[in-house]
Each structure stands twice: as C-alpha cells, then as structure tokens.
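Go by the hints and put chains B, C and D onto chain A.
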Amino acid sequence: MGALTQTATDVRKTQTNGSRKKWRPVKDQSKFEAQLDPGFAAEIAAEVEGGELLHQCIQCGTCSAVCPLSAYMDLTPRRLIAMTRAGVRDDVLHSVTPWACTSCYACTVECPKRIPITDIMHALRRISMRETTYPRRFITPVMTRAFVDMITDRGRSTESWISLKLYLKTRPTELLKNIPVGSRLMRQGRLGLRRESIEGREDLRTMLEAMSR
Amino acid sequence: MSEDTSRPFEPKIVAFFCNWCTYTAADLAGISRMQYAPNVRAIRLMCSGRVDPQFVLAAFHDGADGVLIGGCHPGDCHYQEGNHNARRRFELLRLMLRDMGIEDERVRLEWISAAEGDKVQRVCNEMTEQIRALGPLRLVTVPRWHAEEAPAEHVELVGQVTS
Amino acid sequence: MLEPDGNGGLTSQPISTNGSPKIGVYVCHCGLNIAGKVDVKAVVEFASTLPNVAVARDYKFMCSDPGQELIEKDLREGLINRVVVASCSPLMHEATFRRATAVGGQSPFYFQMASIREQVSWVVADGEDATDKAKALVAGAVRRVALHEYLEPRRADVHADVMIVGGGIAGIHAALTMAEAGKHVFLVERESTIGGHMAKFDKTFPTLDCAACILTPKMSQVRSHPNITLWTYSDVVGVEGYTGDFTVRVRHRPRYVKEELCTGCLECIEKCIHKQGKFADEWNEGLSKRKPIYIPFPQATPAVVDVDPEACIWFKTGKCPRTCIEACERDAFDFEQTETFDEVKVGAIVLATGFKAFDAARMPEYGYGLYPNVYTSLEIERLLNAAGPTGGEVVLRDGSHPKVVGIIHCVGSRDAKHNLWCSKVCCMYSLKLAHMVKERTGAEVYNFYIDMRTPGKGYEEFYDKILKEGVHMVRGRVAGVTDEAASPEEEGRLVIRAEDTLIGSVRRIPVDLVILAVGIEPQPDAQDVRRTFNISTGVEGFFTERHPKLAPVSTFTDGVFLAGACQGPKDIPETVAQAGAAAAEALAMVDRGFVMLEANTAFIDEAACSGCKTCVGLCPFSAIGFDEERQKAAVNEVVCKGCGVCVGACPSGAAQQHLFTDAQIFAEIEGVLAYV
Amino acid sequence: MTATRYTYYPGCSGKGVGRAYEESLLTVFEHLGAGLDELDDWNCCGATAWPSVDEDQANALAARNLALTEQRTPGAGPVDLVAACTGCYRALVRAEHVLGERGPAAQKIGGGLASIGLDYEGRARARHPLDILVNEIGLDAISAAVVRPLTGLKVASYYGCLLVRPFATFDDQWNPTSMDRLVAAIGAEPVDWPLKTRCCGGSCYCGGPVIGVMPEATMQLSYALLREATKRGAEMIVTICPLCQFNMEGFQDRMSKRFNHPLDVPVAFISQLVGIALGIDEKALGIKRLLRWRLPERDPIAAGVGSAAEGGGDARA
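Chains as they are written, first to last, in my numbering: chain A, 1 to 213; chain B, 1 to 163; chain C, 1 to 676; chain D, 1 to 317.
So here's chain A without its partners, still in its complex pose (with noise of 0.2 Å):
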C-alpha cells in the first residue's frame, strides 16, 4: 500500500451483519435534582481564573472538535463543561477527560467565550486527586504525584526513574513493547539513570511548605 492510501483511523463502513449484542438491564439514567450540586460550578469558578465564564458556554462543540484527544474521552469536553454546570459533581469527577487532556491549551485558545477550558481540566484533575476520585488503572494521577514528590525531594525530574517506576506498577505489558526503543535511548544517552537534583532542595521544600501553609 502507497503512503496516500494510509489512514490513521480504519475507517469502514460499519454493517450489522446481523450480530447481537449481550442484552444487559439499564439503569434509571434520569437525574434527580437531589443528586445534583447546584454548586459545582461556582467551586470551579472560585478554582480558575475566569472560571466562571463557563456560565457564559454556548455549547459550540469547538472545544471537543479541536481536542486531539476527545475521540478516547468518555465525554467531551462540551459535555464535560455542561455536566459541571448541570452540577453533576459525580460524574465530571469520575470522568477520564480531565485525565486524557495533554495540556495543549487548543480550546481555550479557540473557545468563542474565551473559557480557560484547559485551566478547568488542570482544576478538575485537582479535585479529583484530592476526592481520589481519578479512574483506577489509569497512569497519569500516580505519574502527576509520583512526579510532583520527585520534584519536591530533588528539584529536577529524571524521567527514566518515573517512567520505569510507573511502568513497572501500573502497565507491565506496556514496558515490554518499549524496551527496543527505551534501551536504544540509553545507549545513545538520552536515558540515563543518573537521578538529576539541585542544591537549593531545602529551599524548595520550605518555598513549597510557605505557600501550602
């Protein structure tokens, strides 16, 4: 096959072919306004700065539709934005969207309300870590925490000791694929096991501890 024809995605027409799905019992899906929290969306707002814009959501679908990765989100990050001010504090939190957003910022810097949507994830993903309410067997939270004490005990990160330790925890399989391209790295020096640090490490855990206080 030419490298015109490629696709990224196989794209088919989808036919039935008569298959069926496994019949399973749906649950009442209504929500109640006694399960909502009127006030999810003021606690993002007082989250991020000019959060409360997400008052002002038309509901465009810009934000989902220049994501990279809204096609591997449970919801997009319209939904996501409507559910938090619908106050489906529940769902938002256990939702991965905030978790598969790779920060780079291409909603908010094309939402037609000029809502900080990116800014929203960072503050979703804070609260969730607080309320662990994060998706089990999903890397990103323990990497965010296993990075941020990195950091806090050194001052600089060493990705191959992150990456290692997380692959070893979280996604054993995943390592055995990459360690044709991991091991190539080391040879050429850009994976190295020498754990980076700084001097000012004292300084940094007392700047750290002033601002939590």
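No wet-lab data here; the hints were simulated from the structure. All C-beta atoms in this analysis are idealised placements derived from N, C-alpha and C, irrespective of residue type, glycine included. One or more hints might be untrue.
Said to hold, decoys possible - Heads up, simulated DSS-like pairs for lysine-lysine below, C-alpha to C-alpha not over 25 Å straight-line:
hint	chain 1	residue 1	chain 2	residue 2
1	C	356	A	113
2	C	218	B	119
3	C	632	C	613
4	C	275	C	289
5	C	356	C	289
6	C	345	C	319
7	C	289	C	278
8	C	424	C	457
9	A	177	D	283
10	B	119	C	417
11	C	438	C	465
12	C	41	C	22
13	A	177	D	154
14	B	119	A	113
15	C	289	C	203
16	C	457	C	549
17	C	438	C	468
18	C	275	C	258
19	C	203	C	218
20	A	113	C	41
21	C	424	C	465
22	C	218	C	457
23	C	289	C	316
24	A	113	C	417
Said to hold, decoys possible - Just a sample of chain A residues kept apart from chain D, beta carbon distances all over 10 Å, derived:
hint	residue
25	27
26	82
27	106
28	132
29	144
Below, chains B, C and D without anything else, positioned relative to chain A:
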C-alpha cells in the same frame, strides 16, 4: 453634619456627568441593572466643560469625600472640545487640591462614552473603595498661597481660591 | 441679576419670578421598578420636610395621565408653583413633565427631575442604601428648583429639505418616502451606484423573490424622481448647525465622466484598449475581471461608467490613444475632473450607511484565502446571480461542480475573539444558500450551526421546507477546515471538523466547497461618521438609537435619524420598515416647520463682566461676541448650543447658563450632600 | 558579531531525552557569537503536571528560576532567560503573566519566594531560542554564516502545542512561521502543512509521554503528523520540543506495524539542522543521539557549492 461613629465610614461622592456620554452611560448601567456602590450622587450637566473648579471645592466644603467628573472621550465631545477644557481645568485644580492636602484619589476625571455602562459601574466601585480606604476628608494643610492667612476654614478657602 | 452670596458663589435673583417658591414633590413607584427597592413613603415623608416644599406625594406611575394630572391640579389650585418629579431618567420623561408643568400654568422650566430609577433602584443592591440615595437626589432637585427662573421656550424654524446618507435599500426607501411626501431629498452615496448590498444578492429569503426584480424599480424611481437629488461618488465631509437647520458639506469625487452627458451606452468599455478585463471586479467580490472603464452591473444607478484611475493607462502613464473618448458620441469624458464640493441646508438627516461583511481572513482556521474553494457567502451570492461572473452557476475554482457543500454559520459572530453579537441574518441566508446551491448543483449540503435562529414571518416555515429538502443540519461550531486527509475519501478534498453536539461525537466531513456565512459588522469608518454627525455608537460600533424600544430611529442629536444596518444587524424587511419609520419621523419634524429648542443657553451678566475675553476664544461655536466700546462680552443665543464651557471658565462669574446657573448647581450640590 | 551571552534554562528533558537539543543549541549559539550560560541551580518548571496538584505552587516553581535569573544579573534593565524546552518556556511565561497581574495568586507566590530570600521584580523574561535565533541573531546573519546550504532538502517544521498556546509571544498563533523562515535561511525548502501546532500526543509532561497511558491515541496523533508531513514531500521533520521529537522519532517502528505503513522519517531538532548548515561537526550537534538520521543522497556538500556559499558569507562579513 454629625458623624455617627457607630456605623462604618461610608464615603459620599459627588459626580458631575455630562448629559451626552457619561450620564447616558449611567442610564445604560441602570437599564442593564449593573449594581454598584450607592455612594456616588450624580449631578447632570450638559458638558464636562461646564464644571467650574468652584463646584469641586463646594462639594468638598459641603461634605463630599470625593468628586468624580465624567465626560465624553477625547474627540467625542458633543460640543466639539468641552472635554478638553474640562481636562485642562482639572489638571490645574488637581495641583491646587494637592497643596490643600487633598489626596489625588479624591478627585477623578474619567472619559466614559454612552456605551460604557460597565465603566460607570467600575469607576464608581473603584473610587468608593479607594476613598473608603482613605477615610473621611480632612483638610490638614492650608494652600501654600494662603499660608499667611492660616488658620483657614474651608468655607473661606472656597471663597478665596475662586474669587 | 446675580450677586455674590458671600460664599464665593452667586445667588440668583430671577429676572422674573413666579413668587416665593412652593414646591411639589412627586415620587413615582414605576410599578415595582422603584417601589420594589426604594421605600417610597419614606422618601415622600423626607421630602415634605425640605425647605419650600408645599406638597409631597407618591403615585404608581407618574408618567401616566392620572399621574400628570396630579401635578397639573396642584399647580392650577395654586398649592405649588414649582415641580420635582422623582422617577426615571430625565432623558426618558423630562419632556413629559415639563409639558405637565406648562399645562398646569407655569413655565415648563420650573421643573426638575430626580432620577431614582436608573440612578438608584436599578443599580443599588440594598433597599436602605437605595432609599438614602433617593432622598439625597430628591433634596438636590428640591434645592435647585427653588432657584429656577422664568424662561420662554425657544422656537426655531425648520428647513424643509432633508438629507439621506447611504443609498442602500434603507436610504432608497427613506428617500422615496420623503420625496413622495413632497420634500426635497439629497441622497448621498459613496459608491458609484446606489443599491448597496441588496443589489448583489440573487434571491431574498424567505420568499425567494429575486432581489433585482424588487430593488431595481426602486432604484430607477430614485433616479427619475423630481424631488430627489442623487449624488453618487460623494460623501459628507462636514455638518454644522442644529436640528432644523443643518448645513452639510458634501464632497463629490471625480469619476472622469460627466454624469449628465453619459447615456450608459457602454460603447467606451467596448472600445477600451484593454481587450480583456484585467482588474479585480469589486462588485463581483473579485471573482471576475473588469477593465479600467466599467459599470458595476447592468442596472447600476446612475447608469454612468466609471474610470478607475489606479488602473487606467492614461492616468498611469499619460500615454494612451484614449479610444474611449473617441467612442463617446456625447463627449462625456472629462479626464481633468477634480473633487468638487456642495453645501446644502437641510432640516433633518437620515443616516443609512449600512454595514460591512466580516472579513473571513480574520479566522485563519477556516482557510479563507488559503484554500481556493473556501468562499464567503457574498461570493456565493455573486456566483448564484445570473448577472454574476459565472452566469448563475455554482462552480469550483477549477470549473467543476461541487458534490458536497458545507455551510459554516456564525463566521465572526457570537465570538469573543471577533464580534460578540449574533448577526441575525446568517441563519436565514445560509438556509437560502443551502436551498439554492442544492437546487442548482444537486450537491449534498451540510449546514453547521450553533443555534438556529429563525424568528420572523414565514422564517420557521422556510427552515421546515429546507429540512424537508434533505439539507443536513449539524449542530456544532466548526473548529477548522483542513486539507489534511485522514481517510481515503478525504483525499483531495476539504475536511470540516466539528462536534455534532447532538450525537456527542466529533465528525469529519469531507466537502468540495465551503461557504462561510460571514456576519454583519459596523462600517470601518463608522467612528468618523459618528463624529461628523455628532451621534454616538455602542462599544461594538453600531450607531446608538435614542431608546432601544421607544425611540429606535432617532438619536440623541435631534434631527438626525437612523435607518438600516448602521444601527445594528437587520434583514431586508426590518431595514425597510425602519427606513420608513425614520422617514416618517423626519417628516413629522420637517412638516411641522419648527422645533422647540432647549432653553439652556449661556448669557452674560454685563455688570459682572470684566471684559477679559476668556469666554470669547473658548466658545467652539463662535457664539460669543465682544463689544469693544463697552468692553463687554455678549452671547448670541441663537448660535449658542448650551454647553456651558464659557460659564465654567468665566473668572468673574459673569457668564451664566440658563437652567445651569452657578447658584442652581451649588444648591444641588448642597442638596445631595446636606441631608442624607 | 558582538558576543551576547544569555542565561540559559535547559529544563529536565535537556539533560535526558533532549540531550541532543541542548548540545546542538549550545554549539550553534556559540558559533553565532551568542553564548548560553546555564542558570545555576535551576529547578523543574512545574511542567503541566504540577497544576494538577497546585497551580500556585507550579507558578512558584517557575518563578524561582526567574528570580534566580534576576539575582544573577543585577541592575534595572530586563534580563532574558532562554528556555529551550517549549513546555518550560510556556510555564515560565505563564508565571510571568500571573506575577505581572499582581493579584492574590501573585501575592502568594511572592510570599513563597520571600520565604527563601528571593524576589521577582518583573525584569526576567522567558525567551525561546527560536525567538533569539530569528529575531535577535537574525536570519541574515545566520544565512551569511551558512557553509553547507541544505539546498533541496524538504523540511517540515513542527512547532508543537505550547510555543503558541495559550500565549502567542513572538509568532502567529494559527500559523507560526519562524522555524520555516529559519529552514529557508539555511538553504533548505520549508514544507507548508496544516499540522504545525497539532498536538503530537507526547504531552509536554516531564514525567514521560502519554504513550504509556493511551498508546493507541498517542500513536494515532504522532502518526497523523508523520503521514501528513511525508505526504507533502517532507524528507525530515524539525522541531523544538524534546518530547515531541522523542514521541515522533521513537515509536516509528511500532507505528509502522500498527498502521501497516513503513515509516522512517528523521525527526531532528532545528538547532541540529542549523548546525549542519553552519558546518559544525555532527558530534558536537549530538547527531548520533538520534535514532534515525540521514541527509538525502543529493547532499550538496560538493566542494563547489560549499565554497561558493562560504565565499558569499565572507563577502557579507
């Protein structure tokens, strides 16, 4: 005027708004239900160029803690250049007020177009905040050019400065 | 007579007075608009304690007939001789209550208003604060009105002619309405032909009648109407005077052809030494080429050719056989033409300067200017137009026909990065274009919209018809147009990326032609026009009407009226309706023959005038003269516009302003501060 | 050329997967008479991970580096901090913005800095090396110094997310061109393409790329870039972000299998390519650290062309 010490200090601000731009902007703020500090009391003039420095002094004399003058943006004056006159006069007035020990924050000149209801809101709120922080107007020093006549009451000041 | 009051200010001794002041204070509830926040009873009680107050009352709606009758009755019965109404803004109802005061038998200027709605109940959060502020404003008005003096209302004659600026459908309709009523109309258009944007369209929604068929008869009527002077290639460069008596200076730019001689035979275009069109034809949005000598479109009015000096060889090099001149049997060419000016007096002015279409290149994500097959809606209008560059065929740049077409709504509209407002017409014209493109090409058409807005007579029905025709509607704002192909069917095509928000997934839709439904924005020179005519614009740049609901065609400058999209986005039916309204209001004024002017002119107290001449130089209208012999300044009250700049500057307090004397303002200052 | 020296912030990746970036930048700057001096005891910028824990702390981390830069260069004037990694660059610019607004967040961050005896006066500004190369050293000076013009080499410039988002500091947000202009200045042929700033999936996240998290998504995203660039004739992709470079370069074998599309596209740092054109030794540019590298056969290093260019350069100098 007796000062009620049981209530926290609430500044009184007299505003002179030109009919065409700033007064209309204040109407717009009203129509748009923009809430702002109740401390500003607006007096409508046809043009900011009508503001006589005496008005400002009279306001301070009569108990105002601040004076706000609102006119059209430069180039937008309904009467061609009344706002330029207002500005020139304002600069001189400010120098004089400084000598009297009146802080800069207590007098303010703002260009607010008929479309800028939000600016009325912002300026009124800002000014109220600033003056609340400064506290009530107290004339501590006497203008330089009247030093020999001290102690001067501000009743006299108004007369002396302007006559 | 003005005398120093020992306070540095001056006390007014009215020249003529109606006796010692007996003031009536009337506090309006305005339903719950005021009473819902302000304790009206408390304000009335407070007012009754103020000096000179004889009567204090409250009423549900002071502006209603019974409300006004309260005032009139108290005046007639002699209970009061001055009036304070505490209600809405004076810009709203001052005239109403002045009239009531006059009906009650006093000079209408024995009246002062306290705005306790716009200034108080609508902007103060706390009820107690609001009541206090209302009291202060009432006190200011009471103190001031005691010093009001007897004034005669001023009357001025109105010039019977009118001017209309802008020859689009709004200007055309207003001009014809007034001309039919027998007024002489000067219609000034900056382009070489009238017709405006409407003349470029093929069909109009929702009826799909042909734009030219309904517009061109009106255009020729303008041309032939004995009461209309049509000036194309012209603009207004200066306006002086005031309502009823404006002097307008108009510049005529050279078109190098004598309009009165040219018959529009177009022989000269044929004979131009350029055998082919070579220059972008603005009328066709640059989609075709024209010669240096051209006529925008066959029904251009006036049907006179234009010479483009930027393109014409004669103008550029001075070397050309000028075959055009030879071809002209009427000897209509005049290559020496220069700018000329006219100055006319008119009583009223209608501004109908229209809009500008949003420049699609400002949104690079849609690829306009980058991908040849991304068009703006105006370009498609030209392609659809039988008189357009393709004779009405919708074709791609390579001449082929599109099989799939995407129409992107809200381009430049509802976008904080560009224009915040909804342009109002795009939903409907996009549906129209969808229908016509589908009809002409048989293509599949996708409309990408944020919200569908189809309010209007027959509009929702039109939407329904389009849905029935099978046009695809995708609810989602398009994030981008790209030629990046991610699947075989996308190869070589443009791909539109949008979230279909109703199914909750991002869709990539390959199309051959993209139409950008560009929005409406103010003309780029709207700010200059605003200054010339002394009116205002909103932050977005559209001209501001006097009142958004109750005075939608007049402005704060008396005698200047608005019609069409220069005041805000509008479709054709609305524009025509507004143009008719503007014409009617201008007519009402012109027909009456006189206007009442504000009494707030300046005057000089000769006894106090020191002859320093400060005021003379300051007056922007040269209304102050100086009597050298007596060394006194004097105000010409006819010319004075009542700004009070001279009054503010007069070092001796000799210059004063009716209704805004120093004494009155000092009293108001004291009033707003002394009590609450 | 006068010797201008800049304070330099390598970022964690500059010492790891982006080592070749650092090596080539240092060499190329030195060669062009503009040295880079590493900021003493710099710390991690906070990346995009720290804001997921605490936004103010993230900005404080970045701000410590800005404050150290000011401390290093006393005076009243502005002082530049050249941040190589795009992610670090954005984090530093963001801290500048937040501190510049003087709001409550700025106060909190200022308090943090004060607790370790530091202060950010607002003099230090983050600069991107691309900005310095194009707008300070200048394209004219660079093309004058070219000894090995890369004539005919088709290069797609990949800018990544964070150079122009959310802050577009020195280039256009929708269509940045500074790298393309640089490519043209060294004689190569820039390939115009629509994905210059589309996310590569690598996530500028110093803990490691997203491929570990969502391998399928990441491969789709980087594959789209490689496919589109090569489809438009690019023989090489150049970039300015260590993680983008790694992500596009490192997984080509896996992508080839996944998408049944043989891929072998060199992905280099722009500084490496500039270095090659300037005639700098490959070793000093860290070329061997790349997983795949090749200049096309028609490599115009032929003596005639090379010396002609050199002559031109001399004439200008």
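A quick look at each hint next to the structure:
1. C:356 <-> A:113: Roughly 23 Å between the alpha carbons, so the hint for residue 356 (chain C) and residue 113 (chain A) holds.
2. C:218 <-> B:119: Violated, because 44 Å separates the two Cα atoms, which is more than 25 Å.
3. C:632 <-> C:613: Distance ~8 Å between residue 632 (chain C) and residue 613 (chain C) Cα, so the pair holds.
4. C:275 <-> C:289: Since the Cα atoms of residue 275 (chain C) and residue 289 (chain C) sit roughly 12 Å apart, the hinted pair holds (cutoff 25 Å).
5. C:356 <-> C:289: Holds - the C-alpha atoms of residue 289 (chain C) and residue 356 (chain C) are around 22 Å apart, at most 25 Å.
6. C:345 <-> C:319: Violated, at roughly 43 Å.
7. C:289 <-> C:278: holds, 5 Å
8. C:424 <-> C:457: Holds. Residue 424 (chain C) to residue 457 (chain C) sits at ~14 Å (cutoff 25 Å).
9. A:177 <-> D:283: violated, 30 Å
10. B:119 <-> C:417: holds, 20 Å
11. C:438 <-> C:465: Measuring from Cα to Cα gives roughly 13 Å; hence the hint holds.
12. C:41 <-> C:22: Since the Cα atoms of residue 41 (chain C) and residue 22 (chain C) sit roughly 21 Å apart, the hinted pair holds (cutoff 25 Å).
13. A:177 <-> D:154: Distance ~32 Å between residue 177 (chain A) and residue 154 (chain D) Cα, so the pair is violated.
14. B:119 <-> A:113: holds, 21 Å
15. C:289 <-> C:203: holds, 23 Å
16. C:457 <-> C:549: Within the cut-off at roughly 20 Å; holds.
17. C:438 <-> C:468: holds, 12 Å
18. C:275 <-> C:258: Distance of about 24 Å is within 25 Å: holds.
19. C:203 <-> C:218: holds, 16 Å
20. A:113 <-> C:41: Violated: residue 113 (chain A) and residue 41 (chain C) sit about 45 Å apart, past 25 Å.
21. C:424 <-> C:465: holds, 20 Å
22. C:218 <-> C:457: With Cα atoms ~23 Å apart, residue 218 (chain C) and residue 457 (chain C) stay inside 25 Å; holds.
23. C:289 <-> C:316: It holds: about 19 Å lies between the C-alpha atoms, which stays within 25 Å.
24. A:113 <-> C:417: Distance of about 8 Å is within 25 Å: holds.
25. 27: holds, 28 Å
26. 82: Non-interface label stands for residue 82 (chain A): nearest chain D Cβ at 22 Å, farther than 10 Å.
27. 106: The claim breaks: residue 106 (chain A) does not keep its Cβ more than 10 Å from every Cβ of chain D (closest is about 7 Å).
28. 132: holds, 13 Å
29. 144: Non-interface label fails for residue 144 (chain A): nearest chain D Cβ at 5 Å, not farther than 10 Å.
The structure is inconsistent with the numbered hints 2, 6, 9, 13, 20, 27 and 29, although it conforms to all the rest.
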